[in-house]
Amino acid sequence: MIVAGRQTAFVFLIVTIALFYIFLEMARRGRKIPIRTFPAIAAIPEAIGRCAEMGKPLLYTSGYAMETLSNPDQGPQTLASISILSHVARLAVRAGVKLYYFTCIKDSLPLVEETLRTAYLEEGKPEEFDPLQINYQAGQSPYLNAVMGFMQRERPASNILMGGFYYESVVMGEAGNTIGAMQIAGTANTHQMPFLIATCDYCLIAEELYAASADITKDPWILGCLRGEDIMKLVILVLLIVGFVISFARVPILIDILKR
Amino acid sequence: MSQETIWERLQRIDRRVIYWLLFILLIIPFIRPLGLPVSIGPQTISLLEGLRKLKEGDVVVVNISSGVSAWPECLPSLVAVSKVLIQQKAKIIYWTSFVDGHMTFEKIVEKVPGFKGLKYGVDYVHLGFYTGAEPTVAQLATNIRAIFTTDYKGTPIDQLPIMRGVNSAKDVKMVISSDTGDYGDYYIRQWRIPYGVPFAEIGIAMIFSSYQPYWPEIIFGMTGGAKGGAELEKLIGEPGDATVTMDAINTSHLLVIVAVILANIGYAATRRRR
Amino acid sequence: MAEVVRREAVYALTAIIVVIMMVDFFFTIPAISAIAGELRTWATIISTMALTLGAVNIIRVHSRNVRRRAPGVWYHSAWLIFIFAFVLLLGFTDINNPSSNPVYKWIFDNAYVSLGQTWYAITGFYIASAAYRAFRARNIDAALLLIAGIFVMLMNAPIGEVIWVQIPRIGRWFNDVGQVPAMRTFLIVAAFGLLAFGFRTLLGRERGFYGEVAGG
Numbered sequence: 001m002i003v004a005g006r007q008t009a010f011v012f013l014i015v016t017i018a019l020f021y022i023f024l025e026m027a028r029r030g031r032k033i034p035i036r037t038f039p040a041i042a043a044i045p046e047a048i049g050r051c052a053e054m055g056k057p058l059l060y061t062s063g064y065a066m067e068t069l070s071n072p073d074q075g076p077q078t079l080a081s082i083s084i085l086s087h088v089a090r091l092a093v094r095a096g097v098k099l100y101y102f103t104c105i106k107d108s109l110p111l112v113e114e115t116l117r118t119a120y121l122e123e124g125k126p127e128e129f130d131p132l133q134i135n136y137q138a139g140q141s142p143y144l145n146a147v148m149g150f151m152q153r154e155r156p157a158s159n160i161l162m163g164g165f166y167y168e169s170v171v172m173g174e175a176g177n178t179i180g181a182m183q184i185a186g187t188a189n190t191h192q193m194p195f196l197i198a199t200c201d202y203c204l205i206a207e208e209l210y211a212a213s214a215d216i217t218k219d220p221w222i223l224g225c226l227r228g229e230d231i232m233k234l235v236i237l238v239l240l241i242v243g244f245v246i247s248f249a250r251v252p253i254l255i256d257i258l259k260r
Numbered sequence: 261m262s263q264e265t266i267w268e269r270l271q272r273i274d275r276r277v278i279y280w281l282l283f284i285l286l287i288i289p290f291i292r293p294l295g296l297p298v299s300i301g302p303q304t305i306s307l308l309e310g311l312r313k314l315k316e317g318d319v320v321v322v323n324i325s326s327g328v329s330a331w332p333e334c335l336p337s338l339v340a341v342s343k344v345l346i347q348q349k350a351k352i353i354y355w356t357s358f359v360d361g362h363m364t365f366e367k368i369v370e371k372v373p374g375f376k377g378l379k380y381g382v383d384y385v386h387l388g389f390y391t392g393a394e395p396t397v398a399q400l401a402t403n404i405r406a407i408f409t410t411d412y413k414g415t416p417i418d419q420l421p422i423m424r425g426v427n428s429a430k431d432v433k434m435v436i437s438s439d440t441g442d443y444g445d446y447y448i449r450q451w452r453i454p455y456g457v458p459f460a461e462i463g464i465a466m467i468f469s470s471y472q473p474y475w476p477e478i479i480f481g482m483t484g485g486a487k488g489g490a491e492l493e494k495l496i497g498e499p500g501d502a503t504v505t506m507d508a509i510n511t512s513h514l515l516v517i518v519a520v521i522l523a524n525i526g527y528a529a530t531r532r533r534r
Numbered sequence: 535m536a537e538v539v540r541r542e543a544v545y546a547l548t549a550i551i552v553v554i555m556m557v558d559f560f561f562t563i564p565a566i567s568a569i570a571g572e573l574r575t576w577a578t579i580i581s582t583m584a585l586t587l588g589a590v591n592i593i594r595v596h597s598r599n600v601r602r603r604a605p606g607v608w609y610h611s612a613w614l615i616f617i618f619a620f621v622l623l624l625g626f627t628d629i630n631n632p633s634s635n636p637v638y639k640w641i642f643d644n645a646y647v648s649l650g651q652t653w654y655a656i657t658g659f660y661i662a663s664a665a666y667r668a669f670r671a672r673n674i675d676a677a678l679l680l681i682a683g684i685f686v687m688l689m690n691a692p693i694g695e696v697i698w699v700q701i702p703r704i705g706r707w708f709n710d711v712g713q714v715p716a717m718r719t720f721l722i723v724a725a726f727g728l729l730a731f732g733f734r735t736l737l738g739r740e741r742g743f744y745g746e747v748a749g750g
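Residue numbers (this note's numbering), protein chains in the order written: chain A, 1 to 260; chain B, 261 to 534; chain C, 535 to 750.
Worth flagging that the hints you see were computed from the coordinates, not collected in a lab.
Bear in mind the structure is a predicted one, so any value in this text is a computation, not a measurement.
All residues carry an ideal CB built from backbone N, CA and C; glycine is no exception.
Please note that a few of the clues may not be correct.
Dumping the calculated DSSO-like pairs for lysine-lysine here, alpha-carbon to alpha-carbon at most 30 Å [as the list claims (entries may be wrong)]:
(1) 413(B) / 376(B)
(2) 639(C) / 367(B)
(3) 259(A) / 315(B)
(4) 259(A) / 313(B)
(5) 639(C) / 413(B)
(6) 259(A) / 371(B)
(7) 376(B) / 639(C)
(8) 259(A) / 376(B)
(9) 639(C) / 379(B)
(10) 639(C) / 371(B)
Derived contacts from chain B toward chain A, CB cut-off under 8 Å, selection only [stated by the list, open to error]:
(11) 316
(12) 318
(13) 392
(14) 393
(15) 394
(16) 395
(17) 441
(18) 453
(19) 466
(20) 467
(21) 469
(22) 470
Using the sequences plus the hints, can you model the full thing?
In structure tokens, the structure reads:
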């Protein structure tokens, strides 16, 4: 019944989801799940404060991300970025800082607009929301061009680059440096992490981007999921160690099971 | 105000100076080529070995997920791979997820002399552009005709002899993907793992490290950037564009290394003084 | 009330589609496979249709710049709107195959593609200055990274072998033994992160998906 070669993957998926659910329930019933603070998330108020002090705007962008939410690797990064955007937007509205959002991800536009509109509404300043704070450009190069142009013209005091970045990461990061902006970044794209780490002040790497909302909201549901995730990582680690040890005995049993 | 020392200056070379030096160093090899030897990596060797296993008439899909902007990095490998595929007498189906992919296809045809002896639609074809990322790649694996009804010139797919009996991943002997992004992952997940279609990757240097974890178990061979292209050109004994580009890579890499070392000398000297 | 219904409908629809796609991935059920195939085609179409949203945004932003005569910007915006309309009209001359129009093809091949190439080429310059600024041996970890980085760079350039014949071998060691396991780790943990994120989204705890606001 199950497709050959996917049986173990299916079992892993079920176990993972079960663990998420168990820890989520435990967290919901009041069990404390500690989480370390991400320096990149902790630095967001400082970045917004800097904009307020200097009277300059804040730039937020979520990367090329293959221009669509339907990309399974990039779409979730964009969604995680929008979750962080909602937090950033509220802080920015509270501090009276104008936030400009740049994107080339066409299908994310309604979500971004809704997120910003709600942030202004919840902070009691709905009249200040301007849909034209959201700038869309079709294509990677036009998008990069628009962001670079904005940086040169408006000189934002802080840039937040969160999402599925490609080669634009190093260009934007360096351009942000030339204008002396404080920069916070985050991506799960392994090929761009080195560039963002090199050019930005703070950086969320790999799954930290997905876990950031737990740090922001301290929502027990999200914290429970994180704990489940950690347990699965331990399981993988144990499997790796067992596999490493039994590989010396040339016993292929583990590989055979995992290949099923 | 204290005068800036030479050590401090070494750490703060104006970026425009670096840009100008880089620009000059990129031009020099075009005036006076260096022609240094290229060492060959194991991934490139296994790519060629995999290609050499193909038999006459085997259908190979070449996915072009790199734009014209990535020509310096991906085109040499695409050209070299196409040359080998023609030598193996494979039937080649090109398709692209990039809007400018047709230009890459036309460039490959222009650069590979072997295509002159072949017939379009019989020995090779370009089915054109597809959109929709992984869902589309998954759909291609199950039903090619659900995505492509014509080739890029508008000829109905059923009128193309090469496409007779080619409906899904099960009818394809190998997939090679040229990438600047994630399409290699999609083909691994939707073609290589479920259907066992041998998969090779031609990536830009920036993403080479992202695909390395899959080699050699899942990706049988791969090239990264112009260096990978130059390695493949050397292996097949036909130096091309990538071999020429290697000189520029030499000079540019050397500049970056020298700049980094100078900055660190300056940093170490100022730290010791403090 | 309508807002709640709308939100619940989105949750429900998402959950149904996720279940269908997962069942299709793990099981061989022809009926589900047919539905999943249709859904994938829909995803492609919807993703393409979303371009309209982008077009509307572009026109809104730039027409306002023109109306307000935004200093230093409005004439660029006016040019953008003109080119937008011009290329769109050219595309409509043959709706089935827009690139058959030679002017359309010329603009695409010689303007859009060339500008894209230029941008990508600029990356090299930015990488050079970023490496110069960021690579400092501030502590022992950074020093090790610096040494490994230099060996890997020299491995990627033939000049490394000319400097010292062992450089490619050392660079490859750093690359294969140092870098590949780290990349595998990132892939594995990011996959779990992604799975957890998807699960939370399905439960409605990740607000970005619904355009809501997280606690500030």
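Hint check:
| no. | hint | verdict |
| --- | --- | --- |
| 1 | 413(B) / 376(B) | 18 Å, holds |
| 2 | 639(C) / 367(B) | 16 Å, holds |
| 3 | 259(A) / 315(B) | 28 Å, holds |
| 4 | 259(A) / 313(B) | 25 Å, holds |
| 5 | 639(C) / 413(B) | 14 Å, holds |
| 6 | 259(A) / 371(B) | 41 Å, violated |
| 7 | 376(B) / 639(C) | 25 Å, holds |
| 8 | 259(A) / 376(B) | 44 Å, violated |
| 9 | 639(C) / 379(B) | 25 Å, holds |
| 10 | 639(C) / 371(B) | 21 Å, holds |
| 11 | 316 | 30 Å, violated |
| 12 | 318 | 23 Å, violated |
| 13 | 392 | 7 Å, holds |
| 14 | 393 | 4 Å, holds |
| 15 | 394 | 5 Å, holds |
| 16 | 395 | 6 Å, holds |
| 17 | 441 | 6 Å, holds |
| 18 | 453 | 7 Å, holds |
| 19 | 466 | 5 Å, holds |
| 20 | 467 | 5 Å, holds |
| 21 | 469 | 6 Å, holds |
| 22 | 470 | 5 Å, holds |
Figure legend: structure checked against the earlier numbered hints; hints not met, in rising order: 6, 8, 11 and 12.
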